[in-house]
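These protein sequence lines are chains S and B, in that order.
Quick note: the first sequence uses this note's numbering, first residue 1, plus one each step.
Quick note: the second sequence uses this note's numbering, first residue 1, plus one each step.
Simulated from the structure, these hints should not be mistaken for lab results.
Please read all numbers here as calculations on a predicted model, not as lab measurements.
Some clues are possibly wrong.
As the list claims (entries may be wrong) - Listing some non-contacts, in silico: residues in chain B with all C-beta distances to chain S over 10 Å:
no. : residue
1   : Thr11
2   : Gly14
3   : Trp146
To be verified - The calculated DSS-like cross-link candidates involving lysine-lysine, where the alpha carbons are at most 30 Å apart (straight line), are:
no. : chain 1 : residue 1 : chain 2 : residue 2
4   : B       : Lys162    : S       : Lys27
5   : S       : Lys21     : B       : Lys17
6   : S       : Lys391    : S       : Lys459
7   : S       : Lys527    : S       : Lys406
8   : S       : Lys406    : S       : Lys189
9   : S       : Lys313    : S       : Lys459
Glycine residues also receive a C-beta, built at the ideal position from the N, C-alpha and C atoms.
Single-letter residue listing:
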Amino acid sequence: MTNPAAHFKQVNHSVTKVDAKQLALGKNSYVGDFVPSDALIVKMLWSPHPHARIKAIDVSKAEKMPGVKAVLWHGNVPRNIHCTAGQGFPEPSPYDTFIFDTKVRFVGDRVAAVAAETAEQAEAALARIHVEYELLPPVFSIDEAMADGAPVIHDEPEAHVPIPIPYEPKKNLVARVGCEAGDFEQGMKDADFTFDDTYETPYAQHCPIEPYTSLAHIDSAGRIIITTSTQVPFHCRRIVAQALGIPVQKIRVIKPRIGGGFGSKQEILLEDIVALFALRTGRPVFWQFTREENFRTGRTRHPIRVRLRTGVKKDGTITAIGMDCWNNTGAYGGHGLTVVSCCGSKVLPLYRCDNIHFLGLVYYTNLPVGGAYRGFGATQAFFAMESTIDKMAEAIGMDPLEFRRKNHIKTGEGSPVFAALGEGKEGTPMTVGSCALGECIEKGAAAIGWQNRTDWRTKTGRYRRGIGMACLMQGSSIPHIDMGGASIKINEDGSFNLLVGATDLGTGSDTVLAQIAAEELATTTDKMIVYSSDTDMTPFDVGAYASSTTYLSGEAARKAAADAKRQILKTGAEMLNLPVDQVVCQDAHVQTPDGSQKVSYGDIACYALYQKNQYQIIGTGSHITEKSPPPFAAHYAEIEVDTWTGLIKVLKYVSTIDCGTAINPALCEGQTEGGTLNGISYALTEQYLFQNGRMTNASFADYHIFSMRDKPPIQAILVPSYEDTGPFGAKSVSEICINGPAPVFANALYNATGARLYEFPFTPERVLKAIQAVKR
Amino acid sequence: MKKNPHTVTFTINGELKTFLTEPDEKLLALLRREGYQGAKYGCGQGTCGSCTVLMDGRAVYSCLLYAMQAEGREIRTIESIGTHDQPSEFQQELIAGGAVQCGYCIPGMIMSATALMENETTFDDETVREYMDGNLCRCTGYEKIWTALRRVLDRQEAAGKKK
Chain S
1 MTNPAAHFKQ VNHSVTKVDA KQLALGKNSY VGDFVPSDAL IVKMLWSPHP
51 HARIKAIDVS KAEKMPGVKA VLWHGNVPRN IHCTAGQGFP EPSPYDTFIF
101 DTKVRFVGDR VAAVAAETAE QAEAALARIH VEYELLPPVF SIDEAMADGA
151 PVIHDEPEAH VPIPIPYEPK KNLVARVGCE AGDFEQGMKD ADFTFDDTYE
201 TPYAQHCPIE PYTSLAHIDS AGRIIITTST QVPFHCRRIV AQALGIPVQK
251 IRVIKPRIGG GFGSKQEILL EDIVALFALR TGRPVFWQFT REENFRTGRT
301 RHPIRVRLRT GVKKDGTITA IGMDCWNNTG AYGGHGLTVV SCCGSKVLPL
351 YRCDNIHFLG LVYYTNLPVG GAYRGFGATQ AFFAMESTID KMAEAIGMDP
401 LEFRRKNHIK TGEGSPVFAA LGEGKEGTPM TVGSCALGEC IEKGAAAIGW
451 QNRTDWRTKT GRYRRGIGMA CLMQGSSIPH IDMGGASIKI NEDGSFNLLV
501 GATDLGTGSD TVLAQIAAEE LATTTDKMIV YSSDTDMTPF DVGAYASSTT
551 YLSGEAARKA AADAKRQILK TGAEMLNLPV DQVVCQDAHV QTPDGSQKVS
601 YGDIACYALY QKNQYQIIGT GSHITEKSPP PFAAHYAEIE VDTWTGLIKV
651 LKYVSTIDCG TAINPALCEG QTEGGTLNGI SYALTEQYLF QNGRMTNASF
701 ADYHIFSMRD KPPIQAILVP SYEDTGPFGA KSVSEICING PAPVFANALY
751 NATGARLYEF PFTPERVLKA IQAVKR
Chain B
1 MKKNPHTVTF TINGELKTFL TEPDEKLLAL LRREGYQGAK YGCGQGTCGS
51 CTVLMDGRAV YSCLLYAMQA EGREIRTIES IGTHDQPSEF QQELIAGGAV
101 QCGYCIPGMI MSATALMENE TTFDDETVRE YMDGNLCRCT GYEKIWTALR
151 RVLDRQEAAG KKK
């Protein structure tokens, strides 16, 4: 097969990231770099209790403190129920949040806010707010939340869900979703071996190095300008309007450069407060979370319990897969349903099986709030699935690599799960187009030295090595829900302003979209001036989530470029006195195919802007997707386990990925390496520790994320395929890679020692206990 | 608001300057207030390194130091390193290698690397890790930052040996 990517001049090349230089030079780029000197500083009084009613609150002393300009609390703000999750509208999440409520539901919930001249003055004022709490019995686990007579966390009468999905707040039930295909029970009966295992995944925080940060001011026309570190500027505008009860028209949201998000900034946690303070005071208002607040109040990865029941025949046929998930969404329900849906929809289709059962249940607890986090449910469920796949392979005496190769989904195949599970509604039936998983498996196996893998029973001594693997998939955008828009206009020198609603939060999407537009326009990426995400200036886009930017917004950028190209061709032909069907675009010129007559884009722009039949050459495009083509990956690691201490040392990690055409290979590798290391860190060290609902390790000193010293060698291998429905063959790259490390290490630990863990992080203590329990 | 009469005088990127400050003001806050905004707030606890600057040639966490501790010292920030026309060698490698994702940690990384390059003459991996360990990045997995830095260091080592 010829490689369709071979003739690309802009895409599929590691073009320099458009913002790399300004960032490397440390130029003002982020929200915190644009704070006016007269800005007020916000500090929030957070709930010290996991569950309590606010019986009385007195802010009068705080209001009189030096430097204090305003205090906000439930008695002086609008009471409009809303959802803080930035999702499609109406959201598939409950409306269960007020700007301030008379109840607090987790340690870190809002009580009252102060805006003062300095941070110190604001802090001092917080200490003068008097609050009388009526403590309520807290709910700290899924089991407690589900129990008969459990304390009701959301008893406010306004709580509801804006689309028709199950929601029973009186039972702490946030959502229920399920699907059945074939006959699961019969499939279990038909199996030679059956398995019934329960896995648990922990809380984690995204830990972008830039914490949540927002700035608001009132412009001369009286509008609220919010400059904020967000993945979802348009959702932000809508949600702030909803919470404050003002029209969208009154608000402009600007996204500058973002210091990382990984899903955490798909949530509106600060913007309503800075906007309200700006309205009340007329002053610019700045709020940045401390690192501790980022951990406690910021969004987290939902901890999920996954029960997996499976059946397999001796010949390697999987006869049944049953997955039940219990999702702890914490004190508020945003993303609860969609995360648990993705446990099924992004995991179950990977292996061929006729008999499938899936049930996802989501419950409130009085713990930190779950949200979107790279991997989005797939991370949690793949830990269960890929651990069990290894167990099945061992039971039938098949190499786990062969077992996966035999059963994984391939081009042209579908899954009943695609049609059954969507985001708050049924999904979209689809068959897999591009799939290079087979090649990923082979290349990864060669890179890790799979052929040298030996059974754990042969291993002795203090340090034992093991090799593990996992296969993964994700999606690319949410079909028929996500929409991206772009516009592009030409300037006198043949440069272009590319305006996109898509939100570059450090991922490099501005560069990727510029490459796509440049490829379509037959010019070079350096001619693109990219401006992303400003609700006054750029077209709409749902934002950066659901692995959608390259696949969805990329196609919008391509369509906009194609629209501009038609106009450029028309004007170029007019200038050359030729029919439009006798000219082409090449190397930033409109020309005859042989190049004998040509006119540059710069001259075409000048002609169109100044000389004759003047008009603005401007293209627009928007895009929705019909399917969500999965990227695929095979991950491998070799680890060394110290059987005296339980310490796991990662010797090498191999992340292969099929992301279709890699629009920018260097950036795709960067996504893969970064996501993989985040997954490694999550699997080995990251967790929330609690005491009476209060996180006790809310700092980088006590919640360890991997540093350059901790980093094992990570080899990213891009395995090309061509996705016909994506821009120049691309599909997504960003999320999938975080799903691998937990199951890979679980399998490698088993291969090293015979110990299997159903819960992570794989701390030395936990590993040691498991090793000691192994009977040889 | 009552003005505090405290001042602090130090050399900043080669210029001797005097700043108004407060006894409890952190160096990071002063620098950012005075327009040296390349140093970032990431944790305020000396754990992430995004606030890293050089004090008398040593990489320090400016979020932990009080501004007054800089009295009489020589402070250098990212603003002294590279320009749009002429980025530093490490900056060029970072840019060319796709090592800058969100970029929030990058100024701190560059300052730590500057301390490494100025204080050491040989750059074995362990020494490099020691200098760079205090700068967290959540985007890149460090692979491309490491590669970019290694390229610069290998060239410097080779040049040093020639001398």
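A quick look at each hint next to the structure:
1. At roughly 19 Å from the closest C-beta of chain S, the C-beta of Thr11 (chain B) stays outside 10 Å, upholding its exclusion from the interface.
2. No beta-carbon of chain S is positioned within 10 Å of the beta-carbon of Gly14 (chain B); the least distance is around 16 Å.
3. Some Cβ of chain S comes within 10 Å of the Cβ of Trp146 (chain B); the nearest lies about 7 Å off, and the non-interface call is violated.
4. Taken as a hint, the Lys162 (chain B) and Lys27 (chain S) pair is broken in the structure, with Cα atoms around 36 Å apart against an allowance of 30 Å.
5. For the hint linking Lys21 (chain S) to Lys17 (chain B), the alpha-carbon distance of about 28 Å falls within 30 Å, and the restraint holds.
6. Pair hint Lys391 (chain S) plus Lys459 (chain S) holds up; C-alpha atoms about 19 Å apart against a cutoff of 30 Å.
7. With a C-alpha separation of about 47 Å, the suggested pairing of Lys527 (chain S) with Lys406 (chain S) is violated against the 30 Å cut-off.
8. Between the alpha carbons of Lys406 (chain S) and Lys189 (chain S) the distance comes to roughly 21 Å, so the proposed pair stays at or under 30 Å and holds.
9. Of the pairs offered as hints, the one joining Lys313 (chain S) and Lys459 (chain S) holds, with about 29 Å between alpha carbons and a cut-off of 30 Å not exceeded.
Against the hints set out earlier in the document, violations occur for numbers 3, 4, 7.
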